[in-house]
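Going down the list, the protein sequences come from chains A and B. Going by the working numbering, 62 is the number at position 62 of the first sequence; the sequence numbering is gapless. Going by the working numbering, 19 is the number at position 19 of the second sequence; the sequence numbering is gapless.
Be aware that one or more of the hints could be misleading.
[Claimed, not checked] With a Cα cut of at most 25 Å, we get these calculated BS3-like pairs of lysine-lysine: (1) B:Lys42 with A:Lys128; (2) A:Lys332 with A:Lys36; (3) A:Lys90 with A:Lys128; (4) B:Lys124 with A:Lys128; (5) A:Lys178 with A:Lys493.
[Claimed, not checked] Every beta carbon over 12 Å from chain B, so not counted as near; a handful from chain A, in silico: (6) Pro108; (7) Gly152; (8) Ala168; (9) Thr189; (10) Glu266; (11) Thr388; (12) Arg434; (13) Met506.
[Said to hold, decoys possible] Only part of the chain A face toward chain B is listed, based on derived beta-carbon distances under 7 Å: (14) Leu106; (15) Leu179; (16) Val330; (17) Lys332; (18) Ala522.
In short, the hints are calculated from the structure, not lab data. Built from N, CA and C at the ideal position, the CB exists for glycine as well.
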Amino acid sequence: MARRILFITTDQQRFDALGCNGGTVARTPVVDSFAKEGIRYNRALPSNVVCMPSRSSMITGQHVSTHGVWMNGVTLPVDAPSIAADLWRKGFRTSLIGKAHFEPFLDPFALFTENTIATQGVETVMHKNADGTEEPHRGFEHLEFATHNAMGPLHYAQWIRANHPEGADMLYPIINRKLQVNEMGGGDTGAPQVKHNPMPREWYHTEWVADRAINWLSSQSDDDDMFCWVSFPDPHHAWDPPMSELHRVNWRDLELPAGYISDPAERERILSTKPAQWLAWYNGEFVSNFEAPAQWVPNTLTADQVREVNAMVHIENELIDEAIGRIVGVFKDRGWWNDTDVIFTTDHGEFQGDFGLLFKGPYHVDSLMRLPLVWRPAPSRVGVTTPTVVNTPVSLVSLAATFAHIAGLPQPAYVEAARLPLNDAESIELKHERVLTEWDSVLFGKIVSLRTITRGSWVCTATLPGSVHDGTDGELYNLVDDPLQHHNLWHNKEHRATRDDLLADMWDHLPERIGVRRECDAPV
Amino acid sequence: MGSVRRHAILDASAAVVWDFIGRPGALHEWFPITATRIEGDKRWITLPTGIVFEEDILLVDHDLRRFQYAITNNPLITNHLGTYDVVELTPSTCIVVYSTNVEPEVFALAIGAAAGEGMRFLEKKYGIPKNEGAR
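Next comes chain A alone, as it looks inside the complex (with noise of 0.2 Å):
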């Protein structure tokens, strides 16, 4: 019997995405029939909280300050730990397919393998190690790489600029002329990033992911042990899934989000009692990171555009259940699907209007950092009961272990978190006390650095002397009390203790940083 893992992420999709975490809008049976036959974490957490860190501990089960990849366009070096190259050794037949993001995108001097391996239309490339022993690229012996739009070498825009020249003016410009985010508006309410996209459906890169995926995927024997990463890179911005598919969410009919403050004076005075990035973000005061659009000031955000992106959003989720849902098909009219192992996740979050704000950045609230994490195990597997709700707080650190052990793998001595817990009662015995997202950027001169432990129903924050911190402030958050994490108890005295107990318990637990600090390459 072979074992199979079918790796499942999106990109910067928030746990409200999901039916089955609750979610209303969008349908999602797919990923909410995963749920029902396996384990659903109500409290999954990022390392960091944007994309190139957070996937680098995915494939390393290590911490940002270990793996190294500080922020995006820092790359993760080819001889990084790859739980995909211990898979690979094993005789697992490996591939990613869709949005890696280990290396930078911007490239213009040809530096990073993945945009290599794309210009050069090879499968993967060969490093030889140290044993003079050759392993493929980061453990994948077949990649194809596709990013948000069709700029670029990889993959999917080569594609599209070959097959459909004019679908690659269709998506919206991610980045403008100064290649900073786009800040140009569209959609019916102007919002930035939306874009009506006159694009077929077919043309769509979660089409061409999940085509490529099935195309793999035929390619395989029944025979042979599989690891297969499928990466989506919706629902992450720019919001323009094809014209076609708008009937499904009309945005004149969603309500707002409840992490959206409607009035603003009272927006304004809660951002007010968080750490000084988010007022002065708000107000265009302070751009702190590459990840939003620069020249965007979000208290221009309105009521409706918080609706169209969130309606766009939705409709992007739906399209993912749905070529999830054809993958799923290719497994099951293989006889596979028994035997697979299937993890579904995504790398970060996503404001969709909480608190006025879009996109992402040095913010550690659930809206970027609680994440769907949904494991079915195969169910030939026996010792699993499902399904199974694990309350604790887990990190995404755990992946790797997780795919050693469905692989039947010892864990590798590389990683820094246990495989992801069966059940809660499993959590305390694999060790799952606390989880550590770790936030740095500097953007010219402009440094900001967080540091976040999530233990139990507390979420506490420190800020690092920066830019506009000295080191004194900070948020605590009690989130059974406080789900939008509106009342910051960081000064609260009543809660100096727990506030002391927690910061203790993360510094004594965070990894040293390892070597030198690496340069940024590039903005993403």
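Fit chain B to the known structure of chain A by using the hints.
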């Protein structure tokens, strides 16, 4: 304006290193580009992606061991100044410091990445002084 800096500490004299990198027409020998062409005070460099940058050579100072150039006539890059210096540390060691200021600022990171590759090439070619260790 985006500003970046990269450096390398090398186990070779400043004169030896400058003899190698102080030649504007030899940039492709240590920088991740594929070709360099010089005409008077103009230089054209070709990137591996096929992009060609036209540059003005602003300064080649063999006493300071400083080279300065600017990307020009470029539809994307509206302002640029690149500088590298070779500074003697001891009679047998030196530091190369490369810096660039550019608009749009984001492009500074890409140039910095290329300069970093250049610095790693120089470290391999000349070695790193023992007391500096490997980075």
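Hints and how they fare:
1. B:Lys42 with A:Lys128: violated (41 Å)
2. A:Lys332 with A:Lys36: Within the cut-off at roughly 17 Å; holds.
3. A:Lys90 with A:Lys128: Given pair Lys90 of chain A, Lys128 of chain A holds - Cα atoms ~17 Å apart, limit 25 Å.
4. B:Lys124 with A:Lys128: holds (18 Å)
5. A:Lys178 with A:Lys493: violated (47 Å)
6. Pro108: violated (5 Å)
7. Gly152: violated (10 Å)
8. Ala168: Correct as stated: the minimum Cβ-Cβ distance to chain B is 17 Å, above 12 Å.
9. Thr189: Thr189 of chain A clear of chain B: closest Cβ-Cβ about 28 Å, beyond 12 Å.
10. Glu266: Check passes; 35 Å lies beyond 12 Å.
11. Thr388: Label holds. Min Cβ-Cβ 44 Å, cutoff 12 Å.
12. Arg434: holds (32 Å)
13. Met506: About 29 Å separates Met506 of chain A from the closest Cβ of chain B, which puts it past 12 Å; holds.
14. Leu106: holds (6 Å)
15. Leu179: OK, holds: Leu179 of chain A within 7 Å of chain B, min 4 Å.
16. Val330: violated (36 Å)
17. Lys332: violated (43 Å)
18. Ala522: holds (5 Å)
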